[in-house]
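These protein sequence lines map, in sequence, to chains A, B, C and D.
Under full-length UniProt numbering, the first sequence has 139 at position 139, and the numbering climbs by one with no breaks.
Under full-length UniProt numbering, the second sequence has 237 at position 237, and the numbering climbs by one with no breaks.
Under full-length UniProt numbering, the third sequence has 71 at position 71, and the numbering climbs by one with no breaks.
Under full-length UniProt numbering, the fourth sequence has 431 at position 431, and the numbering climbs by one with no breaks.
Not close to chain C: a few residues of chain D, all C-beta gaps over 10 Å, as computed:
hint, residue
1, Met-1
2, Phe-5
3, Leu-74
4, Arg-118
5, Gly-330
6, Arg-433
Under the rule of at most 27 Å between Cα atoms (straight-line distance), these lysine-lysine pairs were calculated in the DSS-like manner:
hint, chain 1, residue 1, chain 2, residue 2
7, C, Lys-254, D, Lys-254
8, D, Lys-12, D, Lys-127
9, B, Lys-379, A, Lys-199
10, C, Lys-199, D, Lys-254
In case anyone wonders, no lab produced these hints; they're calculated from the structure.
Just so you know, even glycine gets a beta-carbon here, dropped at the ideal spot from N, CA and C.
Listed below, chain by chain, are the residues.
Number of protein chains: 4
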Amino acid sequence: MTDFFKGISPVKFEGPQSSNPLAYRFYNKDEMVMGKRMEDHIRPAVAYWHTFAWEGGDPFGGRTFDRPWFGDSLDHARLKADVAFELFDLLDIPFFCFHDRDIAPEGASLAESNRNVRTIAEIFARKMETSRTRLLWGTANLFSNRRYMSGAATNPDPDVFVYAAAQVKNVLEITRDLGGSNYVLWGGREGYETLLNTKIGQEMDQMARFIDLVINHAKKIGFDGQILIEPKPQEPSKHQYDFDVATVYGFLKKYGFENEVKCNIEVGHAFLANHSFEHELAVASSLGILGSVDANRNDLQSGWDTDQFPNSVPETTLAFYQILKNGGLGKGGFNFDAKVRRQSLDPADLLHGHVGGLDVLARSLKAAAAIIEDGTYDKAVDARYAGWQTPEGQAILKGQRSLDDLAARVEKENLDPQPRSGQQEYLENLINRFV
Amino acid sequence: MTDFFKGISPVKFEGPQSSNPLAYRFYNKDEMVMGKRMEDHIRPAVAYWHTFAWEGGDPFGGRTFDRPWFGDSLDHARLKADVAFELFDLLDIPFFCFHDRDIAPEGASLAESNRNVRTIAEIFARKMETSRTRLLWGTANLFSNRRYMSGAATNPDPDVFVYAAAQVKNVLEITRDLGGSNYVLWGGREGYETLLNTKIGQEMDQMARFIDLVINHAKKIGFDGQILIEPKPQEPSKHQYDFDVATVYGFLKKYGFENEVKCNIEVGHAFLANHSFEHELAVASSLGILGSVDANRNDLQSGWDTDQFPNSVPETTLAFYQILKNGGLGKGGFNFDAKVRRQSLDPADLLHGHVGGLDVLARSLKAAAAIIEDGTYDKAVDARYAGWQTPEGQAILKGQRSLDDLAARVEKENLDPQPRSGQQEYLENLINRFV
Amino acid sequence: MTDFFKGISPVKFEGPQSSNPLAYRFYNKDEMVMGKRMEDHIRPAVAYWHTFAWEGGDPFGGRTFDRPWFGDSLDHARLKADVAFELFDLLDIPFFCFHDRDIAPEGASLAESNRNVRTIAEIFARKMETSRTRLLWGTANLFSNRRYMSGAATNPDPDVFVYAAAQVKNVLEITRDLGGSNYVLWGGREGYETLLNTKIGQEMDQMARFIDLVINHAKKIGFDGQILIEPKPQEPSKHQYDFDVATVYGFLKKYGFENEVKCNIEVGHAFLANHSFEHELAVASSLGILGSVDANRNDLQSGWDTDQFPNSVPETTLAFYQILKNGGLGKGGFNFDAKVRRQSLDPADLLHGHVGGLDVLARSLKAAAAIIEDGTYDKAVDARYAGWQTPEGQAILKGQRSLDDLAARVEKENLDPQPRSGQQEYLENLINRFV
Amino acid sequence: MTDFFKGISPVKFEGPQSSNPLAYRFYNKDEMVMGKRMEDHIRPAVAYWHTFAWEGGDPFGGRTFDRPWFGDSLDHARLKADVAFELFDLLDIPFFCFHDRDIAPEGASLAESNRNVRTIAEIFARKMETSRTRLLWGTANLFSNRRYMSGAATNPDPDVFVYAAAQVKNVLEITRDLGGSNYVLWGGREGYETLLNTKIGQEMDQMARFIDLVINHAKKIGFDGQILIEPKPQEPSKHQYDFDVATVYGFLKKYGFENEVKCNIEVGHAFLANHSFEHELAVASSLGILGSVDANRNDLQSGWDTDQFPNSVPETTLAFYQILKNGGLGKGGFNFDAKVRRQSLDPADLLHGHVGGLDVLARSLKAAAAIIEDGTYDKAVDARYAGWQTPEGQAILKGQRSLDDLAARVEKENLDPQPRSGQQEYLENLINRFV
Ligand SMILES: [Co+2]
Ligand SMILES: [Co+2]
Ligand SMILES: [Co+2]
Ligand SMILES: [Co+2]
Ligand SMILES: [Co+2]
Ligand SMILES: [Co+2]
Ligand SMILES: [Co+2]
Ligand SMILES: [Co+2]
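Could you put together the complete structure from these sequences and hints?
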């Protein structure tokens, strides 16, 4: 037991009336919502990197946080792991996520780096014997080291591809060993800084080859979790190939991976791609590739991926509606890919971020469930499309009408369809009744 | 002969030293560039809508232009056609493009509307006997009339789908009759204003059904031009399904149209989707769906699709480089989907816009050709990827290595690939030598 | 009594549990909040233009609404006025706002246009004898007519300046006659479309001259309302001189108007200027120029001024906090500068927009008041700045220390100030307790 | 002589035909342009921070550059100074700029830090005896150290204000001692991360007090350079008080500094504030506060301040036009606030960036001068405003007409001013003749 969180008690559910800033007001893990425990809907996770590895720097300033585990040794990494599980316990959170480089220092060779990761993973395994926190997903950091500056899978140098492949193999196997539910690929360097030095077609083929290697190895080693790509349009690269859900879908289809890989959708990345979060969820759901979620938010005025904790119940309710309509997230969950601001120096701030975020998720889940259980909203939307359920609507959809057929009908019936109200304000007000 | 352009002489090539604002300084149609006539590279077109139908309005103000052909009668439409071909002749431009509603007034029924379009199309046909201007593409306006406010193919009311289908049939047949090289589908209303009232999956199925009808009808009537979708992320809708090239590709793949349909890529739409124009061209080229181009530019500070004439040679040179590398545009061309500003009231302004735009295209084409002929640039890029041409690089790409193989090699060779300069500044300066 | 709203009953307060979509759930005008009637805090107004004059067009489509008063005659204007006051009564709303061109048709000369405006204003005056709705503000439309395409006050042609001045004189006098609380100047055309044809210094001098004329005339005619400038960064112009609150303040200071003119701050305009709404309010409040508010919201993914009805309680709560801290809005109020979407065709949609918007304002006002009454939040912020209340802090602020003094103190005390947590997550969660 | 630039020869002017990537093709320092040496127009400077101190990191990756002077000792700083002047000589550049923390390591106390800065400054002084490179401006880094995370002048803790003041005193005095032409204040932390913990009015007063201290100290020590504020809207802070030129002007006017302080305008910061660079220059020029320029460019698709080297002649020509019209930059100059990309690892890349940038500036200067010397453009703009030079135009501008006068004239003359073409396309084409 470290003394990092000294004086901070485990966070409990105290109900909406509580004014205790370190109590849950809405997150009540065993409360049943639409027939399922709240925790089983949300499957929330702490992100190791933001919470334990980020030092508080930004492009114009260095480290602001003062953590006893900052340093390059395995001992530092062990202390970090101790504190991490202390936070998991304080929050009573069922999951965490990590990159290999968050948890253990890079060594002089990949072999040494991999051993370091394995060493800490074994510590995790032991801690998981007494803690209830499990691994939502693991991933390899293929972006921080300068070797990846021009891409990992999409590097113009095939040796970097090879190195990245070997690094992924290690994390994928460790993820399996720790019982991880998912393995995530985020391609922050898979893109370009300038199109001037880039062959897009070549790089796409490399990326597809890489994914294929991962899929095959997962099967070979008996990893039965989901393999997820995390879309993001840019940052750190000027352009990233996994721009958004629709782009990832096109890539998966081109190379035949659409049944093997799903998406891990991040709120802030949707925003950077000029979409709403609920749009990305709806698209993924309609394409059958909704895998998991990175919960956070961007600042509305910033062009950066600010990774703030979610704090808007109305916005998150719309997201949960899509997820519930999708039948939930399955093996996925809500990873808090979020960090406290660099001015939030105190250990307690790490709790404030997660407690507030979890309460927003819980409140939003309940609101979305209430919308569905009330039924008024779904009925209104169904009514709008009712014409397509008629025999003629179905005949068109099924391809039983030609352009000539349809033109003939317009002429014969002197068809002149009249527009009907889209009822946007009514629907917005209706949703507002539940948030 | 109308007197609209009274006093304006045909625009001639006078060379770079000319200070005549209504002369071409670079556009010299018969000049050979990389073995092909300049005109055959560019295949420039005047857009009927912006040049003859737009009235100068914006969201806060009405008509500023004073044109004798503004009005709802067929006589107005005939006058408009006369002036249009006078402009084509003055500019000596080989192509034009139109929507059905630009050229002829909507009637009391679709049958009457279609007859109006046919009437003007026959006038076009006669004019084309004496003018050298041809039809680059035709398209149906499925967005202005209130019946399409909630979508055409993606309307929740199947009768609107049917009406739109009948309208497209007419324009597609007229496009074939006029010898059009392409038929374009721009889905400005195929998307949503609010996700709250929208079923994305249902609407995508409708859209695919619509495209399928068009493809089949084109075959049936012997239309041998290209069928093109024009990507645009938003505007007028909040979200449009044809967001960008990569999104359109995913759609085509999902429904099996990837060999039947290509993209018509607009500069300003690339910008709205947070891409550079050359990016969209490069993506389309790598996916085999680069069909044609809408030349214009957006204001950099505006979030609107401002449809200004292109005026940056450095930017357009990068675009032409992609097009030349693609082997040109084939049946496509450069449609000026551009309008003079609403304060540009004078008939001469219509010429200033096109003359300046054509000169920018010509100068950019020559610059791009010079880059390729010089060869330094291409060599630099090829050198960057040389490692993938080695036997081991090729073995990886061809799927002859597993993750285990690669990991073993890292260990065995103690692989530690070193980064190499991406040379962005060198390459930018190199390009600047040619613009 | 027209039959436009046939079947729609007056909107009543029914409380949060009501599921009647045309009832107020939170807006309860006589409810006391921090010692003042809710209505007196909000002073809500219907905007004549969006609600009665807008036809539903967008840049790619024309009129979607079907209103019996659309037309160019005074009779149409009279019918519009009848319906307007019927809506005011149905909503039980205390204020409205108008431009001259919304309420009456433009005539063949300015004299005739002015007479038309006067005619309808007299109808308003009579209606106000039986209705409780009053005029929050009047304004002149100096942007729709083509004569203003290059600016009104800032037009390169002084005759346009003169024409605009004469138009403003008429509306200013009518605003006084109707007991209006404010007169607003929105400079949608006071800016430029291209810097290439623009002399900024010259145009700023013209604009200042124009404001000076208005201030003097207001005094001369005994208008005792506020004169307000409405900041907006762009749209319809590429750049507008009244970019944001800080820019307007610089302009007012330069020409000496800072005690004569305040700001009318619009939510969507703040967003277009890359600010949050609460930021603009806080800036105006700190500079003493917070006059009134245009309530609406922009779509987050659009670069347009979409003028949607407000629907986010968390966001609007932060705005109300700033307003309450400013001591309220005085003669200002909340004008709904908002329109139902172009697909919202039905008369009832006009009510849905306003009812939902008013409920959001009411709920936000109560939340902001609760934050202030609770006191925890204000105390946390005050504590952060407590150092500046010490004698040394005050001495520095009052200019009693030189750079040499301060440097000497650092050396002497070996000063090494330590950063303290900014507590952003704690404060966000605290605010979330009240929304 | 270090061996860092081993094998690289001094960069010479070789003319436009040169294909030597490390020759100037347009920058010919002694060439006369409008009666002044090119170098005296441009006054270009290397920025110490980007070129020598930046390590190549970004938010997702660490150091990519491998420089022998990276490290925390004074010996490292001395080596860095040696290499810096070697680059200055290779480029034959007349100026450089620095922050205190770029040139020397931070010590255990401010006194030690100041001594370190002084030590290196004395090395600079000695080098300047044999090098022709002079100091364009100095500045204090008040943003990197965690003590400044919540602001320097605007920190809620007055001790941080005091510390910052003492730091500025040192750099200001050193800037004077080195003969610097300007002293710059960039307030990257003077703003807020969240309005929730911020008192804007209080912080503005602090900032004004700080500026006042600097102005007074500059006078006291006989610094006769310009004092400059560098506007930037955001990054690293969410909102920065020096948002743009117009905002800075309002601040200067409020506190009475408008004759003491000018602006250092950065291209990329204009872009972040949603302005064009030439707009910011034109505004500053019209307000009399155009002081100096930070030359660079942002990526058009990024929301970050990417600080790339300028590479667009058409864009920079418009900027130079504004500068020439302002009568030049006086004591200001063009500081390359630009860095090579993080993948540009090679020593030669540092030269490619500057050589390309300087050539773009030189070419743009010549183009802008040609536009002015040709005269057609200026005449066209003057003609547009000719009406304001008539006696009646002048009478209005001078305040000799009231609103009543103007309204009477409209009535009497039945005034109906007709719009005239804004000629945007003509003017754009005209400018394109010179670039
Ligand atoms: Co993420
Ligand atoms: Co993120
Ligand atoms: Co287009
Ligand atoms: Co467009
Ligand atoms: Co407004
Ligand atoms: Co607005
Ligand atoms: Co700068
Ligand atoms: Co910068």
